[in-house]
Every structure is written in C-alpha cells, then in structure tokens.
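Residue numbers (the UniProt record's numbering), protein chains in the order written: chain A, 1 to 668; chain B, 1 to 357.
Worth flagging that the hints you see were computed from the coordinates, not collected in a lab.
The structure displayed is predicted, hence computed values, not measured ones.
Please note that a few of the clues may not be correct.
DSBU-like mimics (lysine-lysine), calculated; alpha carbons at most 35 Å apart, straight line [stated by the list, open to error]:
no.	chain 1	residue 1	chain 2	residue 2
1	A	K312	B	K319
2	A	K36	A	K23
3	A	K210	A	K582
4	A	K210	A	K445
5	A	K411	A	K314
6	A	K312	A	K480
7	A	K330	A	K411
8	A	K532	B	K27
9	A	K6	A	K30
10	B	K27	A	K312
11	A	K417	A	K23
12	A	K532	A	K314
13	A	K314	A	K417
14	B	K128	A	K314
15	A	K335	A	K312
16	A	K314	B	K346
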Amino acid sequence: MRRGGKQCRALEIEITRDLTIPKQLVRTAKEYGDRKVAMREKEFGIWRSYTWADYLDRVKALALGFYRLGLRQGDKVALIGDNRPEGLGSEMAALCVGGVAVWLYQDSLPDEIAYILDHSDARFVICETQEEVDKILAIRDRCPKIEWIFWDDPKGMRNYHDPMLMPLTEVMRLGRELEREDPTRFEELIAQGHGDDIALLFYTSGTTGKPKGALLSHYNLLKMGQNLMRVDPYYEDDEYVSFLPFAWIGEQMMSVSSGILAGFTLNFPEEPETAWHDLREIAPHIIFSPPRVWEQMVRAIQVLHADSPWLKRKVFELGMAIGYRLADRKFARQKPTPLERLMGWFAYWLVFRPVRDRLGLARVRYAYTGGAAMGPDHFRFYHALGVNLKQIYGQTEIAGISVLHRDDDIKFDTVGKPIPETEIRISPEGEILARSPCVFQGYYKNPEATAEALRDGWLHSGDRGFIDEDGHLVVFDRSKDVMTLRDGRPFSPQYIETRLKFSPYIKDAWVIGHELPYVTAVICIDYNVVGKWAEARRIPYTSYQELSQKPEVYDLVASQIRRVNASLPEPARIVRFVNLFKEFDADDQELTRTRKLRRAFLLQRYQPIVQALYDPSAHEVHFETTITYEDGTVNEIRADLRIVDMEPIPAWTPVEGARALVIQGAEE
Amino acid sequence: MRMRLPSGVFYQTYRQDQALWPTTFVKLRMWGLLVFLFVIFPQIASPYWLSLANLVGYTILSAMGVQLLIGYTGQVTLGHAAFIAAGAYTCAVLVLQYHVPYPLAFLAAMIVAGLWSMLFGLPSARVKGFYLIMTTMAAQFITVDFIITQYVSRIGERGHSFSLPPGTLSIGPWVIQSDRDIYYLMIALVTLSVLAMTNLARTRIGRAWMAIRDHDIAAEALGINIVAYKLLAFFMAGVFGGVAGAFWIANLYAVSPEHFTWSWSLWLVGVILIGGLGSNYGTIFGSLFMTLVMEALRNIVTWLTPFFPSLETSFLFVKEAAFGLAIILFLLYEPNGLAYRWWQIKNYIHLWPFSYE
Numbered sequence: 001m002r003r004g005g006k007q008c009r010a011l012e013i014e015i016t017r018d019l020t021i022p023k024q025l026v027r028t029a030k031e032y033g034d035r036k037v038a039m040r041e042k043e044f045g046i047w048r049s050y051t052w053a054d055y056l057d058r059v060k061a062l063a064l065g066f067y068r069l070g071l072r073q074g075d076k077v078a079l080i081g082d083n084r085p086e087g088l089g090s091e092m093a094a095l096c097v098g099g100v101a102v103w104l105y106q107d108s109l110p111d112e113i114a115y116i117l118d119h120s121d122a123r124f125v126i127c128e129t130q131e132e133v134d135k136i137l138a139i140r141d142r143c144p145k146i147e148w149i150f151w152d153d154p155k156g157m158r159n160y161h162d163p164m165l166m167p168l169t170e171v172m173r174l175g176r177e178l179e180r181e182d183p184t185r186f187e188e189l190i191a192q193g194h195g196d197d198i199a200l201l202f203y204t205s206g207t208t209g210k211p212k213g214a215l216l217s218h219y220n221l222l223k224m225g226q227n228l229m230r231v232d233p234y235y236e237d238d239e240y241v242s243f244l245p246f247a248w249i250g251e252q253m254m255s256v257s258s259g260i261l262a263g264f265t266l267n268f269p270e271e272p273e274t275a276w277h278d279l280r281e282i283a284p285h286i287i288f289s290p291p292r293v294w295e296q297m298v299r300a301i302q303v304l305h306a307d308s309p310w311l312k313r314k315v316f317e318l319g320m321a322i323g324y325r326l327a328d329r330k331f332a333r334q335k336p337t338p339l340e341r342l343m344g345w346f347a348y349w350l351v352f353r354p355v356r357d358r359l360g361l362a363r364v365r366y367a368y369t370g371g372a373a374m375g376p377d378h379f380r381f382y383h384a385l386g387v388n389l390k391q392i393y394g395q396t397e398i399a400g401i402s403v404l405h406r407d408d409d410i411k412f413d414t415v416g417k418p419i420p421e422t423e424i425r426i427s428p429e430g431e432i433l434a435r436s437p438c439v440f441q442g443y444y445k446n447p448e449a450t451a452e453a454l455r456d457g458w459l460h461s462g463d464r465g466f467i468d469e470d471g472h473l474v475v476f477d478r479s480k481d482v483m484t485l486r487d488g489r490p491f492s493p494q495y496i497e498t499r500l501k502f503s504p505y506i507k508d509a510w511v512i513g514h515e516l517p518y519v520t521a522v523i524c525i526d527y528n529v530v531g532k533w534a535e536a537r538r539i540p541y542t543s544y545q546e547l548s549q550k551p552e553v554y555d556l557v558a559s560q561i562r563r564v565n566a567s568l569p570e571p572a573r574i575v576r577f578v579n580l581f582k583e584f585d586a587d588d589q590e591l592t593r594t595r596k597l598r599r600a601f602l603l604q605r606y607q608p609i610v611q612a613l614y615d616p617s618a619h620e621v622h623f624e625t626t627i628t629y630e631d632g633t634v635n636e637i638r639a640d641l642r643i644v645d646m647e648p649i650p651a652w653t654p655v656e657g658a659r660a661l662v663i664q665g666a667e668e
Numbered sequence: 001m002r003m004r005l006p007s008g009v010f011y012q013t014y015r016q017d018q019a020l021w022p023t024t025f026v027k028l029r030m031w032g033l034l035v036f037l038f039v040i041f042p043q044i045a046s047p048y049w050l051s052l053a054n055l056v057g058y059t060i061l062s063a064m065g066v067q068l069l070i071g072y073t074g075q076v077t078l079g080h081a082a083f084i085a086a087g088a089y090t091c092a093v094l095v096l097q098y099h100v101p102y103p104l105a106f107l108a109a110m111i112v113a114g115l116w117s118m119l120f121g122l123p124s125a126r127v128k129g130f131y132l133i134m135t136t137m138a139a140q141f142i143t144v145d146f147i148i149t150q151y152v153s154r155i156g157e158r159g160h161s162f163s164l165p166p167g168t169l170s171i172g173p174w175v176i177q178s179d180r181d182i183y184y185l186m187i188a189l190v191t192l193s194v195l196a197m198t199n200l201a202r203t204r205i206g207r208a209w210m211a212i213r214d215h216d217i218a219a220e221a222l223g224i225n226i227v228a229y230k231l232l233a234f235f236m237a238g239v240f241g242g243v244a245g246a247f248w249i250a251n252l253y254a255v256s257p258e259h260f261t262w263s264w265s266l267w268l269v270g271v272i273l274i275g276g277l278g279s280n281y282g283t284i285f286g287s288l289f290m291t292l293v294m295e296a297l298r299n300i301v302t303w304l305t306p307f308f309p310s311l312e313t314s315f316l317f318v319k320e321a322a323f324g325l326a327i328i329l330f331l332l333y334e335p336n337g338l339a340y341r342w343w344q345i346k347n348y349i350h351l352w353p354f355s356y357e
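Pulled out of the complex, with its shape left as it was, chain B reads as follows (with noise of 0.2 Å):
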C-alpha cells in the first residue's frame, strides 16, 4: 500500500507518478540502504556474519516463490523445497557434467524449476485448499525423494552426492570462492528478485494474482484467465525457486538430498507466516527474524551447554520447538506478521501527530 506523501510533492506525468521511490527523501533512503549492503556490510563484516548474511539471502530467495503463490495467489504449496532441488541438481549437472558455464546454468536452473513448478501446478485448475497442499506435497516427494534420490543424484556414478569444492563455480573471470564472494552474488539476486517481485506484484499480473487470491470467482468475472494465472504463478514460483537452489549450490560443499526436505518447505511457510503475507517486508523480515532467532537460541544453547550438557543433544528438538512457538504466539499476537507491525509503525509516524488522515 501507498503510504501518504509528503506535502509539496506532486506529479506532472504517470511515469513520475508510478516511480517506485516517489521522493527524494525515499530515494536516499534506498541508496543509502543499497550502499550499507553492496558496500559497507561485506567490509566490516567478519566470515561468521557473512555466512549468516548468506543464509539469510538464501531463506529470501527461498521463501519469495512461497510467498508469490500463498502471499499473492492464495495458492497454499507445501513442496517448494522440490523446486529449488530442481534448480540446485539443473545447476549442479549442468556445470559438473557438461561443463556449462555458471551463469548458463544458473538461467537454465531457473526454467526448468519453473517448468517442473508449472508441472505440479497443473492441479490447481481444478482444485484449492487441502487438495492443493496435497498436490504440492506430492511434488515434493516425487521430486526430492524419488526422482532426485533414485535417479538424478546417481548421474556420472557419484555416489550420493555432488561435490562443489570451492572456486568450482565462477562468473567469467570471477571466481567464486570465499564467504565475501558468496554474499556479493546472494545480495546482487536478492536486489533483484525484491525489485522483480515488487514490480510484478504492482502490474497487471500481480494485480490479476491478488484478485483471484481475493475472490478467484470474481476474478473470473472481472476477465481474468484464472487457469493461465495462476500456472504463471506456480511458473514464476517455481522459477525464483530456481534461483534460490541455483545460488545456494554456489555455498554448498556438495550437494545432496538432505538439503532439499519437506521440512524446510514448511519452513519457508513458517517464514512468510510470521513475516507477513502479501509483501516483500514479509518474506525478508521473516527470513532474517527465523534465521537470527535460530542463530541466537543456538549461541543461548552453546553457552548453557556446560551448565546443563543434555541440552546439546537436545538442541535439534529445542530448534523444533521453537519455530512452533514463534508460529503459535504469532498466529496469537501478530496474525498479519512482521511487516504489518513495521507498516503501523511507519503509520504511526507517518500521521503523527494524529492517528489518521
């Protein structure tokens, strides 16, 4: 939503009117931010905070396809895991196997994960809801645990696994090898895919996505394709999918199965859930707040661990637990997520010293 301008802003043309960043004051807001992350971050930042970085761009990447198809499209998918292993194995193949270069493959992960996410897609003509997650699910266990686990990680006799060394993978001259590398290419496909999802999400076809989210029978009366839309959802879901594997193969020593679960399908859920569903504050508050709740409970656990040694072996549960108490309390307290909480803020102060217009 549009917040209130400022007085004495006003537009002679729809171009100035439709700016993405309608003020100066915005506009130096956003490069300021664009020069902390491109430029300040990566130098002041020790390897541990870089790969923290990195884990949370990859849970931005991740979760954006999720939150394109329950957030936008109201199409509720338990499976996305699925696509980004698609895109990580198109990837990985195609620069072990063929010897494509990265950003070749990279391009091609990203249509065939959203090809194979348009695949099972396909049911979502015809039903919604529980049936939905179902077919979602589906995905997930054909793609992750039959075809990937039987067939395609047996690809060129190696075993169970595709071992990604670093400095395997490079963009021209550039290799990317170190943690700096890693979070320079993470921060470049984040900008992009927010900026991407955000003018998606403002045209005509997120505009015809919330609608059938909305009301999907008036949608159709209003004249929009539903069938078309809503496997274009499930094709551009699949194919930020598609880049968030295709990323994440750049950070990984190898790549397996077990990265790719149906639990971590769930999560990203868990991560637009308390993030907000329907805006892009949404899916990158949520991913940082899962990520660094997570990170801080695990330091918690590593400094009680001498006072209480059971709790290291009971840290996986513990991690379990939490991220169904953060799921709990937020569907209690905070049901619209992160990103209305920072949109009433931003109201608050936005309309102060009154409370409305």
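Excised from the complex, chain A in its bound form (with noise of 0.2 Å):
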C-alpha cells in the first residue's frame, strides 16, 4: 500500500456467506451519504455527480417499481445500453429485489439477443434508448417470457404507446408509491438476500458454438473484488472511469465488486465515441481494460508520433529509448545504474509525463489488461512509460481473475501469481485448472457443460499453459488454438499476431499453419493509418478493398512482416500473407463481442483463401461472400486477393499425423 496512512476500507469488510452486493452497497452509502460522490456522468459538457445518498435513493425507488411490477427473487432482468449511471442503477435495483442481471452486448444481432432473452428467461428488459427498444420489440415474438420493457432515454419515445414498454421514471414513480405504503419493504427485501443466491448471469462470447449462461453469485463476485483488492488495494478518493460493456465480466469485477467495496468514483462517459476524451479528462487510478483497448492507444501514440516534427519525433524517441531500458531492467528485476535512473528523470518530464498525460495514464496507479493475450511490445511499451501496466488471467466462470502480476514482478511474457485464496493447477494434459471461492455456480439450463468444465471443484478453462520457474503462470493459448509447426514444435499462433498488431498499419492478423508445411498469415490493413500512409504518398485508393491490394501497400505490410519474422524461430516465420479485403468484425462473426478470433469458423468461411494460401503455385485467389450489417441487411462482396510470398517456401517435409493439403471444413 503505497500512499501511506491510507486505507483500503475493502479489507476490513468480512465477507460471510450472508453477505450480498445490495447489503454492502446499502452499508456503504449509509456510511458515505451525502458527503461522497459515488458516480459521475458527463453531460451536456460537465460531470453531473450523484452522492452515495443519491445512489441508493434512486436504487431502492426502482428496486421497489420492479417488486410492485412483479419482480421475485430469481428472476431475471435482462439489461441493454451504454454505460450509464441509470443502467447500473437498475442493475443494482434488480439485485436488490433478489433478481439476477443479465447484460447484453450492445452492438449483438437481434438473433444473438433473442437467443439470450429466451435461453435466460428474462421477464424485464430494461433497454437504454430507442436504439435497444426497437430492437427488443423487433424481436419479442420470439421471446414469450417478457412482460416488461423498460427504458430510460425519452428522446424518440414520444410515439410509442406499446402496452409492454414503460420509462423508468414510471418505475421510480411506482417505488417511491410503494415506500409510502411500506417504508419497510426495501429493507425487508434486502434482508431476504443470501451470499449464495445467484446475481449476474453471463453469456460467455465463446470462441465456438452458442453462448453458454454462466452463473454467478453474490459471494463469487464480492470474494473476488475483496482477493483482487487484497494485491492492488483501490483507495475511497480513487477515480474510475466507466466505459466498457457491463456485459463483460471486467466491467462488473471493477465497477459493481471493487467499486461498492472500495468506494471509489465511477464515472461514466457522454458517449461511447467521447470516452477517450472523458477518460483522459478524469485521469482515473484504475484502468482494467482487454488487449484491443490498449493497441489502439498504442497506435493513436504511434501515429502522432509519426506526423511529428524532426525534433519532437527525436526526443520521443530517444526518450522511448531510455523508457525501453529501464523497463528491462525492471522486467530483469535489476537496479537501474544512476545514470540511467538521471536518463530516466529527463525522459519522464520530457516524454513519459506528456505521453501518459496524453493518453490520461497520468495517475493511473494500477492498469490491467485481460481476456485476450497482449503481446510483448505492447506491453514494454507501457512500461517504458512507466505505466504499471498487468495481465489479469482469469474467465468469466471464476468471476473474471484469477491470477495477476503483482507489483514487483512483472514479466510480459507470463500473466502472473495467483491470487489469495485461489490455488492454479496444470492438468496431466498441459490445461490450466483453477480453485477459488469464485468459481461459478455452473451453467444456466446446461448441466453437460457445467459437469466439462467443474470436476471437483476445479474448473477447466480450457487454455493451455505452465507454471514457469518463478511460480508464473505462462498462458501458451487456447488448447485448441496451439499449432503444431512442421518441426512437431506447438506454438501459439496468437503470439504471432500480437507481435504483428503492435504495427501500426496492420489492424488485425490471422495466423495460421497447424500441421501443416508453413506458416501463413491473413492480414487486415488499419484502414485509417495505411489511408493516411497512403495520402502522403499520393497513392490513390476509394475503398479499403482497393487500398488493401495496392502493390505498395503490399509492400508497406511485407516490410511490417519482415520485422516480426527476423525475431521468431525459422518455422515459425510467415512464408505467405495475404491483404483480406475487409476488417474482420463480430457482426459476421469472425470475432467474438470481446474481439477475439473465432479460428474455426474463419477456416470455413476464408477457405478458398486458405486452400491459395497452401498451393505454391497460385499467386492470386478470387473470393466471394457476403457481408452483414448491424441492421442485418446482407451485401454480396467479390474480390480478387493477391498472395505474396515472404520467405522460400519450404519444402515439403510431413511430420507424424500431419494432415494432407486440402484443408477440411473446420470442425466446431
């Protein structure tokens, strides 16, 4: 605990198998008042606080508006929007009641939507704007179990008579109603809560298949702030900015575990596309953000730094150079010489302190990074900066973390030491299996998954990886993922990619080569840095179709590629590569809501591409497929891809078990 005299009030909080989120937060704003700020939301240009006292005022209204509307105890409220103080309060309210939230990705498809509303048995939806009502009500037919939508933004809403759809003012009106008439109720409700009963309801973003709900309860969820806390203690004064989907268990683990735990300040951007923006404005203490959030402020960084003038571009980089030194020195655990630590001063006033002022790092005392893996130069680029950037490694099934670097000892290439009260395994079979008192409640509606994944209390994630020599957990990658190379050697295509993505021109990169003679890559170009490339180059382009397969563009990512190659293992190395002519994206599900590669599903849907990327003789593959919106229209799209050869193909040398040229269509 670094600022002396100060204390983490989590700590001392007791949590007993009593306790449950909507106890602690009324404990909490009792204890605070009026005398703290507990959220902030940025609007119409100033940050609107709302006190503890605030908070817990507008909860219990709505809580008691749900119970007078029908609410029961494990019920589920379905929740859809933005980061919003009114969506986490309404989340709360439902707690309160003795519901469990269950949180939709914003951006799903209506089918995503309505298999989760019918699959959860939700009764309430509580939508945002008219965005998510429309939505909702396009798709109710399918879903027979709702009885109320509710929503809170009145901007559009004006026409809308639907007997089913109410505005949450309604629902506070009829709260505070029944507080008059029972000013005990809230209370009684609250009472009636236990530490066991479920709380939030997860649709895992697998990587396959149909989402799986997993169940979470109140304790799994305040053990694994109070453990978190236990490493990284959060202080009441620290600031927490708000802006990631609440349906992602690391928006919950920091805003509803850590944050009525610790009492810190949530603050919530104006809009998804101003966060940036309000969150350097705030310059919060604690960021917990996944791998994509963090390559994109790498290469915001990156870009300016290329469009700078010779001398700024010079003391950036001579001071990176500095940073990048005293990072190896920390990563070796060794004391910086005193004239690198005199090197490390000037460096911090002349770059390091605007750098992260730019990025609004600037006091940021504890910043996280989970749920996908990082790569290396991401993660010294931060910590050439001085930011203490760490891997969290845990999934949703344990409440999110399980292991986590610790101040001290950090090492980029491992994600870290478990955390109190929580024992890491290897499985005879190379798999990660973890302990805690946060492992999940199992599998809503899905006992064969829940009996896969929890065997004696032990949950199988499903990753592979090794405890290295300094008790480290070393995450390799999905089991399924890891590729067997030509030499029989496994390894982790996504380390490959991550190496690739710290370019600044190349947004996303697919690997592969399991089993088979070499390794290939399908690149997806950063369409805003190569256009701008390009400009400069007066290299004219009217679509990213056509920007992609521009010789020089071609040869912009060769050079790209030719870098990361010269630092990996010679059967490692990317012999062919091929421009996609589109980003991926989750709406065509080539990626998960998180961003992450759904591998199978792009080996049948590229796999023309793929079949090119294998014949030595094609230099060219025609494509064909379709495209689709976030309104579900569907456009056709063909294109002719040009394949671009490395590194001497191979030759061809089998190894045991490999499989023939063709490739099959990808088995789930």
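Combine both chains into one complex, guided by the hints.
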C-alpha cells in the first residue's frame, strides 16, 4: 500500500456467506451518505455527480418499482445499453429484489439477443434508448417470457404506445409510492438475500458455438473483489472510468464488485465515441481494459509520433529508448545505474509525462489487461512509459480473475501469480485448472457443459499453459488454437498475431499453420493509418478493398512482417500472406464480441483463401462472400486478392500425423 | 481560444467550467504575475523604467478600444485619439474648473468619451470599410483640431494648455505625485480593463461583436441587432478611450491638443496590427513591442550621435521610418501578429511531444 496512511476499506470488510451485493451497497451508501460522490456522468459538457445517498435513493425507488411490477427472487432481468448511472442503478435494483441481472452486448445482432433473452427466461428487459427498444420489440415474438420493456432515454419515444413499454421514471414513481405505503419493504427485500444467491448471469462469448450462461453468486463476486484488492488496494478517493460493456465480466469486476467494496468514484462518459476524451479528463487511477483498447492507444501514439516534426520525433524516440532500457531493467529485476536513473528523470519530464497525460494515464496506479493475449511489444511500450500495466488472467467462470501480476514482479510473457484463496494447477494434458471461492455456480440450463467445466471443484479453463520457475503462470493459448509447426513444435498463433499487431498499419492478423508445411497470415490493414500513409505518398484509393490490394500497401505490410519474422524461430516464420479485403467484424461472426478471432469459423469462411495460401503455384485468389451490417442487411462482395511470398516456400517434409494439403472444413 | 487542459482536470458545474483561470497551475501563474506587477516591479524599477512602464500602460489602455473596434467588431477606426482626448479634457476641465474629485471626474470622462464615440459610430449603421474610416477620421479632426483646439482649450482663459502640476490629482487621501504613484494607478487600470475586455469577449456581447466582424449579414440572420451592437462597440471603445485619457493627464504636466494627434490614432492601429487582432495578448504585446522598440531605437540613436551628429536631428524621421518598416515586415512575415506567434509557441509546448491532438 503505497500511499502512507491510506486505508483500503475493502480489506476490512468480512465477506460472509450472508453478505450480498445489495447489503454491501446499502452499507457503503449509509456510511458515505451525502459526503462523497458515488458516480459522475458527463452530460452537456460537465460531470454531473451523484452522491452515495442519491445512488441509494434511486436504487431504492427502482427496486420497489420492479417489485411492484412483479419481479421476485430469482427472476432474470435483461439489460442492454451504454454505460450509464441508470443502467448500473437498474442492475443494482434488480439485485436488491433478489433478481438476476443479464447484461447484453449492445451491438449484438437480433438473433443473438433473441437467443439470450429466451434462454435466460428474462421477464424484464431494461433498455437505454429508442435503439435498444426497437431491437427488443423486433424480436419480442420469439421471447414470449418477456413481460415488461423499460426504457430510460425519452428521445424519440414519444410515439411509442405499446402497453409493454414503460419508462424508468414511471418505475421510480411506482417505487416511491410503494415506499410510502410500506416504508420497510426495501430493507426486508434486501435482508432476504443470501450470498449464495445468483447475482449475475453472463453469456460467455465463446469462440465456438452458442453462448453459454455462466451463473455467478453474490459471494463469488464479492470474494473476487476483495481478493483482487488484497493484491492491489483501491482507495475511496480513486477515480475509475466505466466505458467497457457491462456485459463483460471485467467491467462488472470493477464497477460492481470492487466499486461498492472500495467506495471509489465511477465515471461514465458522455457517449461511447467520447470515451477516450472523457477518460483523459478524469485521468483514472485504475483501468482494466481488454488488449484491444491498449493496442488502440499504442496505435494512436504511433500515428501521432509519425506526424510530428523532426525535433519532437527525435526527443520522443530518445525518451522511449531510455524508457525501454529502464523497463527491461525492471523486468530483469535489476537496479538501474545512477546514469540511467538520471536519464530516466529527463525522459520522464520530456516524454513519459506528456505522453501519459495525452492518454489519460497520468495518474494511473494499476492498469490491467485481460480477456485476451497481449503482445510483448505493447507490454514493453507501456512499461517504458512507466505505466504499471499488469496481466489479469481468468474466465467469466471464475468471476473474471484468478491470476495477476504483482507490482514488483512483472514478466511480460507471463500472467503472474494466483490471487489469494486461489489455487492453480496444470493438468497432465497441460490444461490450466483453477480453484477458488469465486468459481461459478454452473451454466444455466446446461448441466453437461457444467460437468465438463467443473470437476471436483476445479475449473477447467480450456487453456494450455505451464508454471514457470518463478511460480508465474504462462498461458500458451486456447488448447484448440495451439498449432503444431512443421518441426512438430507447438506454437501459439496468437503470439505471432499480437507481434504483428504492434505495427500501426496492421489492425488484425490471422495466422494459420497448424500441422501444415508452413505458416501463413491473413492481414487486415488499418484503414485510417494506411489510408493516411497512402495519401502522404499520393497513392489513390477509394475503398478499403482497393487500398488493401495496392502493391505499395503489400510492400508496406511485407516490411512489417519481415520485422516480426526476424525475431521468430525459423519454422514459425510467416512464409506467405494475403491482405484481406475487409476488416474482421463481430457482426460477421469472425470475432467474438470481445474481439477474439473465431478461428474455426474463419477457416470455414475463408477456405478458398487458405487453400490458395497453401498452393505454391497460386499467386492470386478470387473470393466471394457476404457481409452483414449491424441492421441485418446483407451485401455481397467479390474480390481478387494477391498472395505475396515472404520467404522461399520450404520443402514439404510431413510430420507425423500432418494433414494433407486440402484443408477440411473446420470442425466446431 | 481555450487551451487543452491537462488530464485529470474536470468540472462538475458550469461555474467551474467557465472559470477564467481553469487550473491551479494557471491560477498560480497569474497570481505570480500580478504579484510581480503590483509589488515587485514597482519596488525594484528605477524611475526611468517606471516611466517607460507607464507609457506601455497608456498605450495598452489607448489600444484597448481600437482592438475592440477593429479586432473584435471589425469596425476600422482611424480617429481613436479623439475619444482619448475627449476623456482627457473632460477629466481635466472637471478637476481644474469645477474642482470635482478626480475619481468622479474619471467616471464622467469615461461616459462622455463613450457617448462622443457612439455619436461618431452612428454612420457605422449604414457604411462600412473605407467610408467608415473616413467618418472616424472626421471624428479625429472635428474633435481635436476643431472643437478642442478652438473652444475647449480656451475654457477659463488658459491660453493653449491646461496646466496640471504633479500633485493636482488625488484619490481621497492618496495624492498622485511620483512616477510610482502613476504606475500603481496605471497597473490597476490596465488589470481592470484587461479583465473587462476578456469577459466582454467571452460573453454574449463579445460573441455578437465577433459574429458581426466575421460576417455581418450572417450575424443579422442569427438575430443579432447589428446597429445596437455596433453602437455598443463604439460606446465601449470610447469608454476605454476615456479611461486612457483620464489616466494620462496624471502623467502630464499640461494637457494640450498636441498630445492627441491623428498620428497617435494611426500608431494605435499599428500597435494592434503588430500585436495581433482579436486578442488581449495582441493589445499587450503590441504595446510592449512598439514602446520598447522605439525606446531602444532612441537609445541607439543617442549612443550613435557622437559618431553621426546628423542623426539627432533626423531621429524623428528614423522613428517614423521604423514604424513603417515594422508594419510592413509584420504584414509580410507575421500577418497574424505577435499574439499568434505566442499562441503557436504555447501550442508547441502544450502538444509536446506531438504536433496535434
């Protein structure tokens, strides 16, 4: 605990089996009352703040309103919308009544929403704006269990007279009425709750198949928050910005579990588009984001750097060189020499401080990445800037976190050590197993999947990994994604992909090579960055598709791949690549909602391209496909893609059990 | 234009959001500057530097109204010395002839100068550009060369000038005598005027003026009463002129029409052109630059006179030529004035180590 004398109140709370999130919320809110800001929302240019008393008051009104409308213990409440105080308040209100909150990704397609609403037996759906209301109304016939659809933002709602719709203000009015009639009802409802009750139902964005609903209890979530803070204490005057979907466990981990335990202030951006700007204004002390957010930030800095004048560019490069050197010292757990320390001081004032200020990381004490693999280049970049970026490893099924880096013990190729009360074991097959009080209660209505994931209290993660000599867990990859190279060595395609993505020009990469004679890559260029690059060189283009196929762009991408290839063992080097004519998109099911590649699906969808990559005589491939837009419209696309050789194609030396050149349709 | 704020600065009320000094750093810097100007500088400066500072302050106060008219409202004026003169003479007449206390005379000078300016602003309701220049020049000649020279300066049979020996003016018990006294008066007035101008510029009035400057027809279409706001601009410019005039008599042993010539009007336009249009920084930088450069020139000439005796007689021409040259060079190489260069330097540092947001 760095800042002397400061207390992390979460550590003093004893988490009993009886404690629930609402009970803790009431306790925290009573303690702070009007004295402390619970949350802020940026609206019309300023940060409107709500104290803990306001927060509790809203939750109370909503909870009693929901109760009056028929919500009972164990009922599911689905929520969809941006991060807003109202959304979080509604979730809390549902939990107060004993309900179970199911958050949906806002950009989900209607089919996905219908599936989740129906499968979860949700009775209430809480929407933010007209957009979400329309989505729910469109699929309501397929989900007969829905009784009420609530909405928050009145914009555009004037002419909606559907009897199933109700504004949240009306719910609050009903709740306040009930409070006058029965002033103790709210306390009674909360007192009914038990720690082992289910609090949240998460539909995990599996890389394969239909989503499964993971059930987490109050006890799971509170324990997770506390155990996290035993490693990294959060203080009540910390700031936190909530800008990632509530449907992601990481956001619940911070906003709900840690938030009400530590009592820090939550800040909600004005719009998702302004999230970065708003985050910068707040300059939070804690950030937890998936790698894509960190990757975007690196890219933003790389682009800014490339466009700077000469002097600024040189100073930045010099500063970063010093930063990298100091970061490597830190990773090696060596003390920097006095000279290095002096140079570090200059670099801090000249480079690190302004760059961190630019990114809104000026005050960050703990920065976490989790949910997917992060490349070592990105990791070093942040440590060079002096940002304390740490890996979190965990699944939704273990309330989001089981392994974490310690402040003074960071290795960029590991994910750290288990948090308190958590055990990690490697199964004989190399699978990572975990056991802790946060292990979930099972999949909703799916006992087979539960039995498969939970054996003797151990959570089977489906990830391959090992524990290194320092006791750090190293996560190799998803078991099914690990590829076998031509020399029989296992290799993680994700590792190569994250290395590639450090190039500002490459937005996404998909590396193929499992049991194949050589490794290939499908590259999605970054339209903005490459577009700018092309404009500066007077290369005309009209669309992503055209730009991606320009010979100059191929040369550019090849130079980026060459850089990565140089640091890879020879059999893992990318031999051929192709620039894809579009970016990977979750709406086309190429990515999960958390932007992980769905490899099996990709293999199926882009089979002709993969075939051509492994046909040494092919230097071009014709491809036809359809693109789905967010509103459901489908568009057909035809493209001719060029294939470029990076290295001589290695002689075909089949390894034991290698597949033939013809790639079978991927098995799910 | 508002600078980028450092991260971690955010506002929970509009009051905070609109604060003049947005961050603690800016507050410290500004208080530091004020302490320097009000306490440290008058203590350490020699009478020579104090009188120079007073000249800079007078130029700032005089140029403020020109900046308001040209820089903010887009109404070109070449007769601003007339309104300064109106203020100076009102104040002097009231103090000497009617024994009105200086502060009251000061207020009266502001109002008279404002109304006098508004009178000559009336044509602006109908004419623009060159024609307006003609009417403001008319103001110069009618006011100074005709009314003041022929009538006002003869009040009380004083001959040509109003004699104001040091110690004539006092605010309550405080007798304004020395250069240091004048400095205190000047710095207080400059601070208040800059504050007033800054706040005018960022409220509805200033925005209306800038809308008129940028496109008067569009401004009218937006519902701005152009005539009213133009007249208000002339009035406020006159008020600032009145402040400058009523202040300057404290520094003069005698007020006479020669102090308010047409070339002073022209000079003030040069000040804001070099300083930069449409910004307070422009007024201040322009005044500093013009005063200090001229002073430096004079010093160089004095130093060179033993070697080139003819310089002494031709200094006046050197001064005029330098003024012309400065304007030409600025229009060529720094058309947006010193304020823009200042803004660019600030931006360069603010955006460090990148070049845009």
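Are there hints from earlier that the structure breaks, and if so, what are their numbers? 1, 6, 8, 13, 14
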